Amino acid sequence: MIIDSLDGIIKSAQEKGMMHRLWCPLNDQGATAATSTCGYQTWGRYLPSFTIPSMGAGISGAWMTRFSSVIGNSGVVCGLEYSLGTLTVSTNAFAAGVSMPTKTMRLNGITSSVVTATQRAFLVATAALTAATPTITITYTNQAGTLNRTATLVLPSNPVKNTAFDIIPHLQSGDTGIRAVTGISTSAGSAGSLVVYGLLVVGTTNAMLINSVSVDPILTTMPLWLMETNETLTIYQAATNYQTVWCAFSAVAEY
Amino acid sequence: MTIQSWDALIARIGTGHTALVPFWGEQTGTTSVCYSWSVHNMSAHKLGDIAATPVLPAGVTNYIPSTIQLISTSADASILVGWFIKLGSLNLATNAYTDSAAMPTMTELGVSRAIPSHPITVINTILGGTAGTIHIHYNDQDGNADTSSADSLTNAAVAKSADWLYIQNKVDSGIIDITDAGNAGGSSPTGIVDFYGCIPFAIVPHVGLATPVVLNLLGANPSIHHLPAAATIGFIYFNSSAKAISGNVFFIGDSA
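Which chain is which? The protein sequence lines are H and P, in order.
Quick note on numbering: numbering that gives the first Met the number 0 labels position 56 of the first sequence as 55, and the sequence is numbered without any gaps.
Quick note on numbering: numbering that gives the first Met the number 0 labels position 31 of the second sequence as 30, and the sequence is numbered without any gaps.
Derived by calculation from the structure, the hints in this document are not laboratory data.
Quick caveat: nothing in here was measured; it's all calculated off a predicted structure.
The reader is advised that the hints may include incorrect statements.
[Claimed, not checked] Now the in silico label distances, taken between C-beta atoms and shown as ranges: (1) Ser189(H) - Thr72(P): 52 to 58 Å; (2) Thr129(H) - Ala155(P): 38 to 44 Å; (3) Ala228(P) - Pro168(H): 50 to 56 Å; (4) Thr129(P) - Ala190(H): 34 to 40 Å; (5) Asn229(H) - Ser186(P): 54 to 60 Å; (6) Ser37(P) - Gly144(H): 27 to 33 Å; (7) Pro53(P) - Gly55(H): 27 to 33 Å.
[Said to hold, decoys possible] Derived list of chain P stretches under chain H, where covered just means 3 residues or more per stretch with a C-beta under 8 Å from a C-beta of chain H: (8) 20 to 33; (9) 36 to 45; (10) 196 to 202; (11) 220 to 231.
The beta carbon of each residue, even a glycine, is placed where N, CA and C say it ideally should be.
So that you can see chain H by itself, here it is in the shape it has in the complex:
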């Protein structure tokens, strides 16, 4: 059954049951402040990620119908996350990850299969770096499938674990996203690791002051991306703070 109406959501909820979760990922390391050479806006990655659980026979995935969160300050992005490639700083060795997935997309009543590109792309220190202002060069395939594009970021020295640098401002001119990463290298450094993560965004919320937070789900009533079993949701926050985020979300099955 294609979810294309409020009645469809009710019918699916009644027949298959919606998924409801309270999920509190944490950034216990904070984030090193970004500069104009590494994303402009400071972001932190929150763990653990949430793994989409198994679904019943005939269910192709789940649509996020409600996403809400509360955090001490700043905005939150929740997305399906894909690990596109890893750099081990000490050896300057690159290990390829996955490519962005092919997803079912529905627009104006037409269902089609599309090769996705990142809606957000972050270079994340998954282990703290020992590196003096390293220049990071990322080689990638862009949103149109063009190979061997490059993005260059100059990071601050020794970024802490969980720091996420926004790659999008540093994509080659004319590019809007990444389908796959084919190389990552650094000009300096003796320890740490960097991973390029691509996101397909399923929820964005805002927040205000510590102890004075007001968050409302601003997700559209029909989010774009169908969440499939074993895909992972991850939270990113636009701030240097180390803290947790309380997330409450609901999703409905498509079958």
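Model the placement of chain P on the given structure of chain H, informed by the hints.
Leaving out everything else, chain P in the frame of chain H:
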């Protein structure tokens, strides 16, 4: 479950298959942050299980919450609203754990399973002495047994203070049961700590004293739940101030 459309939901209202549960609650003093680790940087408290679904009448298989309305004397705080399940309690003085329920088994996305939740700590009685650390033994979202890392309680944390419990470093996104808990490292600690899980309806803002919170669970951004009798609806307020709240929860009775 013959209700499979908006019209069918309205028809159940038309035939009187509805319930309204009024509630009120108060927090008479400022509450505490439960833990001293600075990453616990949001004050919060739980205002008790202040509404429970009634006995299921004939012809009603479960309750579908449709709307929650509340007015509070506190503003500028977000509120977590959901079905709260008490998982157990720890008496710090005796280091004795009393087990309660596990997270309920329900059908979600076509699979029947225990629904995981991030565990929540709620101070039941004010902590005395030097509180020390606590930890829990639990079954994670996949049913695997694990033990949380020790987290340091805040001395003299007052009743109703609430916070998340530290399992994130175990790469667990939730738990389905707490099987044991313990405390260590304190000096003559006293007080009782309760543990809860939550199946959330939503986190909603409360932005002004004169602005009631109206949470529509069936309209835009639907979050459709199926609650049994005696399910306790609770609230976590994300601030520390004293307050009173009152309101109503509306339910539509589901049919077989």
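Quick rundown of the hints versus the structure:
Checked against the hint of 52 to 58 Å, the pair serine 189(H) and threonine 72(P) passes, with Cβ atoms roughly 57 Å apart. The beta-carbon spacing between threonine 129(H) and alanine 155(P), approximately 41 Å, falls within the hinted interval of 38 to 44 Å. A beta carbon spacing of about 55 Å between alanine 228(P) and proline 168(H) agrees with the range 50 to 56 Å that was offered as a hint. Between threonine 129(P) and alanine 190(H) the beta carbon distance is about 38 Å. The supplied range of 34 to 40 Å therefore holds.
At about 47 Å, the CB distance of asparagine 229(H) to serine 186(P) disagrees with the hint of 54 to 60 Å. Between serine 37(P) and glycine 144(H) the C-beta distance comes to about 46 Å, which lies outside the given range of 27 to 33 Å. At about 31 Å, the beta-carbon gap between proline 53(P) and glycine 55(H) stays in the expected band of 27 to 33 Å. Proximity of the region 20 to 33 of chain P to chain H, defined as three or more residues with a beta carbon under 8 Å from a beta carbon of that chain, is not established by the 0 residues found.
With 6 residues having a Cβ less than 8 Å from any Cβ of chain H, the region 36 to 45 of chain P passes the three-residue criterion, so the hint holds. Counting residues of the region 196 to 202 of chain P whose beta carbon lies closer than 8 Å to any beta carbon of chain H gives 7, which reaches the threshold of three, so the coverage claim holds. Figure legend: the region 220 to 231 of chain P, annotated as covered by chain H; annotation consistent (6 residues with Cβ-Cβ distances under 8 Å, at least 3 required).
Checked against the numbered hints given earlier, the structure breaks hints 5, 6, 8 and satisfies all the rest.
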